[in-house]
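Line by line, the protein sequences are chains A and B.
Going letter by letter, the first sequence gives residues 1 to 351 in our numbering.
Going letter by letter, the second sequence gives residues 1001 to 1614 in our numbering.
Treat the hints as calculated values from the structure; they're not laboratory data.
Keep in mind that the hints are not guaranteed to be accurate.
[To be verified] Partner residues are not named here, just some residues of chain A that face chain B (Cβ under 7 Å, in silico):
no., residue
1, H58
2, H81
3, S117
4, G121
5, V255
6, Y257
7, H320
8, T323
9, E335
The beta carbon of each residue, even a glycine, is placed where N, CA and C say it ideally should be.
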Amino acid sequence: MTYLAKPKLHHPSLTRNAVGYTRRDYEGKVSTLCAGCGHDSISAAIVQACWELDVEPHRVAKLSGIGCSSKTPDYFLGQSHGFNTVHGRMPSVLTGANLANRDLLYMGVSGDGDSASIGIGQLVHVIRRGVAMVYIVENNGVYGLTKGQFSATADAGSVSKKGIKNADEPINLAALALQLGATYVARGFSGDKQQLVPLIKGAIRHRGAAFIDVISPCVAFNNHAGSTKSYEYVREHNEVVNRLDVIPCKSEITVQYPEGSVVDVEQHDGSVLRLRKLAADYEPTDRIAALNHVLAHEARGEVATGLLFVDAGAGDLHEHLNTVATPFNRLGARELCPGSAILDRINASMR
Amino acid sequence: MSAPASLAAVNDFVVKFANVNGSGSASANELFAKSILRMGVPVSPRNIFPSNIQGLPTWYEVRVSEKGWLGRRGGVDLLVQMNPQTWAEDVVELAPGGYLFYDNSKPLPLSRFRPDVNILGMPLTEICNRTYSDPRQRQLFKNILYVGGLAWLLGMELPVLEKLIGEQYKSKEKLLAANIKALNLGYEWSRENLEPLGLQVRRADAVGDRIFMEGNTAAALGCVYGGASVCAWYPITPSSSLAEAFQTYCKKLRVEPETGRNRYAVIQAEDEIASIGVCLGAGWNGARAFTATSGPGVSLMTEFIGLAYFAEIPVTIIDVQRGGPSTGMPTRTQQADLLSCAYASHGDTKHVLLFPEDPTECFEFAATALDLADRLQTPIFVMTDLDIGMNQRLCAPMKWDDARELDRGKVMTAEELEAGRDFGRYLDVDGDGIPYRTYPGTHPTRGSFFTRGTTRDAYARYSEKGPDYVYNVQRLLRKFETAKSLVPAPVVQQSDEKTPYGVLYYGSTSPAMAEAVEELDAHGKPLDTMRLRAFPFPLGVREFVLSHEQVFVVEQNRDGQLRSMLINEFDLDPARVVAVLHYDGTPITARFIADAIASRMKPVRVMPLAGRAA
C-alpha cells in the first residue's frame, strides 16, 4: 500500500478507447490493502477488462460486502457508484439494484468469508435467480481484516500462519455455482492476469448470472508453506483447462486454429467467446461434465482454472419476471399509479 | 326446570362461530357477515384462528351493531357450535339468556348444556347425508346449511344472501345452484322446526358508502398507488397476504398495455434479511421498494435497517404485528413491536413509524410511507397489526387525488450536475438535515459516490474523524426533527366539557376506544382523546399531556411501549402518563378500556359499569 495520492493529470499520449476514456479513467482511489495483495491484481484486471470492452465507467454499479475484498470497489472505477453493504449480504442488494435499473452493469465483489460463510445463503439464491451480474469472489481461504482466521474455502489439512490445522471440509465455490445454475462459471488466479482479464470480459458480456472464483493469495496471512492458497501452491497446482479470447463481434474472427482445438461460443449480443482448449476432453457447454472435471481436479489437489462453463442462451431475472424495457427508476406516477377511477371501482367491489 | 330467559335485541348482538380449521367454514361465515352489512347494518367480524392448516379449532366472531361500534365487544349472545373439541370452553362464554345453536344429529347428554341458555338443535349432518352422496359436499354444505338456518332465526333477508352467493359464484353455474339449494334447504328446515330468536337483524341505513376490506389488501393497494415497483418479502403470518395481494393487484393494474410486460417485480426472498436487502438495493438505485413482514422478520432485518438509516436509503417496511416475543402468538394480535422498530439496529438510531387505525389508513399510509421514504431518505415503518390486517373491517372508501405526484425527494439530476452544482452526498444544503442524492449512472464524471455503512464526511469520503462523525449524526437528528412536520398529525377530540383527563392511543385500538369514550362520557367521565398517527411525535403531543392532570396511554402490549417512547422523547414525568395495557392476544375491547380507565381515575372511585358483564 501507499499513502501517496495518485496524480490527477493523465499523460496526453495515453490511448483512448472507443468511448473516449484512457485506462486511467477506470482507476479508483489508491488501494489501502497490503503490498502484493492478490486483490489489487484483480482490481487491475477489472480496470483492464472494462477499458478494453469500452464500458462507460458511470454505467457500472459496483457492490460489495464486508472484508478486504469488499473494500476493493473503492480502488477501481472511480466514476461509478459503489455500495459497500453489510457482511455477506451484497447479493440481495445487487438483486434489488438490478431490478431498479436493468440498463447498468452490475459488478459484485466479495470474498470467501463474505460469500462462503456468513453470506453463503445469499450467494446461493442470487445465482438461482439468474440475476444479470459479474460476481467475483476474491478467494484467499482466510479472514484478512481480522488477522488470519480460516474461512470456509480453506482446504482440510491446510495450516494457518499461527500453525493451526484446518479440519473442516472446504466449500468449492465454482462447483457450487455450477450446481446452482450459474450460466457463466470461471475460475482464475490473481497471479495470472493474462488469463483473468478475458474471463472478466467474458463475464461482462454474458447475460445472466456470471460467477468468477479468483484464487487470490493473502500475502499477510495465507502465503506460507502449508497453505493451499499461496502463490507458490496455486502456481504449482494450477490446471488451466482453456484460454479465452473475447471477440466483440463474429466478423472480427481472423485467426484460424486447427479443428477441434477451439470452441466458439456466440453470446446474446453477437460477441464470441473463443476457447482454446488446453485440456483436450474439456467441454465448457456441458454443465455436468464441467462439474465432474472441477471435482475430479479438486480430489487430486489441483485447481482447475479457465472458463469452466457457459450457457450463452441463458436468460436473466428480468426475463423470468417479464419486466418492462424501461428501467423501473424512470417510471413515474403515470406508469405506476392506476388512478382514482379504478380505485372507485375497487371500492365498489368491497361493498 | 324453568325455561331460560331469552336475550332480545335488534341489530345489536354478538354471534360466535366455533369451527374446525380447514372445514370450509370461512366463506360461509363471511357470507353471513356480509349479508347483514348488505341489509344496512354495520358488522365487525374477527377471525380467531390457530397456526394450523387443518384440524385445530378456529372461531369467527361477528359483532352486529347498528350504532356502528366496530371494536370487539366481548361476550357472546349466539354461539354456533360446530366444533366438539371446544364445546365446553365456548359454552361458558355465552351470556345468560343467550342461544346455543348446534348440530343435533347425534344426541348429547344434558350435562353438556347450560340451563340458563336457549338450545337450538339442527340436524345438519343428517340433512347433508340425506341430500348429498359426495363426502366433500356433505362437509362443505353443512356450513351453508347453518347460514340458511340462521337466516330464518335472525330474520335475515333470503334474497340478500342469494344475491351474494350469486356474486361469489358468478362464473361457476354449478356451484352457484348447489349453494343456493343448500341455503334454502337450511332456511326451510329452520322455518318449519324453530321459532325466530329474540335477536333480530332489521334492515337499516347505517352503512353508507363505507367499504368492507382487510388491512393487508388495503396496504398492498396503497403500495400500488404509491408507486412501489419492487416488493421483496418472505412468508410470515400475519403479513403474507399483503405481498400476495400486491402481486394480484399488479397483475391487473401494472402491465404495460403495448407489450404485456410488467411494471413491477415481486421477489419471494430466501429470508427477511434478503427481503430488505433487495429493497435497499432498489431504493438506492431509485426505484420504490417495500417489504411486508411481522416482528420476527424485523428482528432479522435490523442490521440492514441500521445501514439504511446511516447510509440514508429509502425503504418502506410494513410490519403487521402479531403476539411476541420470539415466535410468540403468530395468529394473535398485539402492538408490541414499537420499541424494536423505533430504535431498530445497533448504535444511535431512530426511525419513522406510522400507525394506521383501519384499512383506509393502511391504504393511505402505505402510499405516504413510500413518499416519506424518498423525501427523508430513510426507513419508514407502517405499524399495522393482525387485527387490522387479517380481518375485514368496515371503513371509509379509499381516495386518490389524480393530481398527486410521487415525491421523489432531493435527487440531483444530470443537468444540475452538468451545470456545476456542488454535490456532497451527506451535505446539509437546505438546513433540514436532508442531503441530496444521485442515482447511479446519472453523469459520466460528476455525482458518483461510494455508499457505505462506515463513517464518512459530507462528500461521502471515508473518515473516522470525530468532527465528521458528529456533523453527520447531528444532521441525522435534524432530519428526524424535519420528519415531525411531514408525518401524519395526531387526531384530537376535545370533550364537550372541560376535563382533567386525557387519553392517548393508536392503531387498531381506535374502534374500541371510540366506544369506551362514549361509555365513560355517559357516566359523567368525559375524556379528551388524542390518536397518535406517527413517530416522531409532534410537539403538540407533549402539550396535550401537560395540559391534563392525568393521561391514559392505551396500548396492546405488556410493557407500555408507546408510553416509554413518550417519556423518553419528551423527558416526561412518568407519573403523568398512566398505562392501560391489554396483551392477551385478543383485540382490545371497549369494556376493558372503560373499566381500566374508570378504575384508575384519580381520585379513585369505583364506577358502575353499564351493560352486560364481559
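Violated hints, by number in ascending order, as checked against the structure: Hints 3, 5, 6, 7 contradicted; others consistent.
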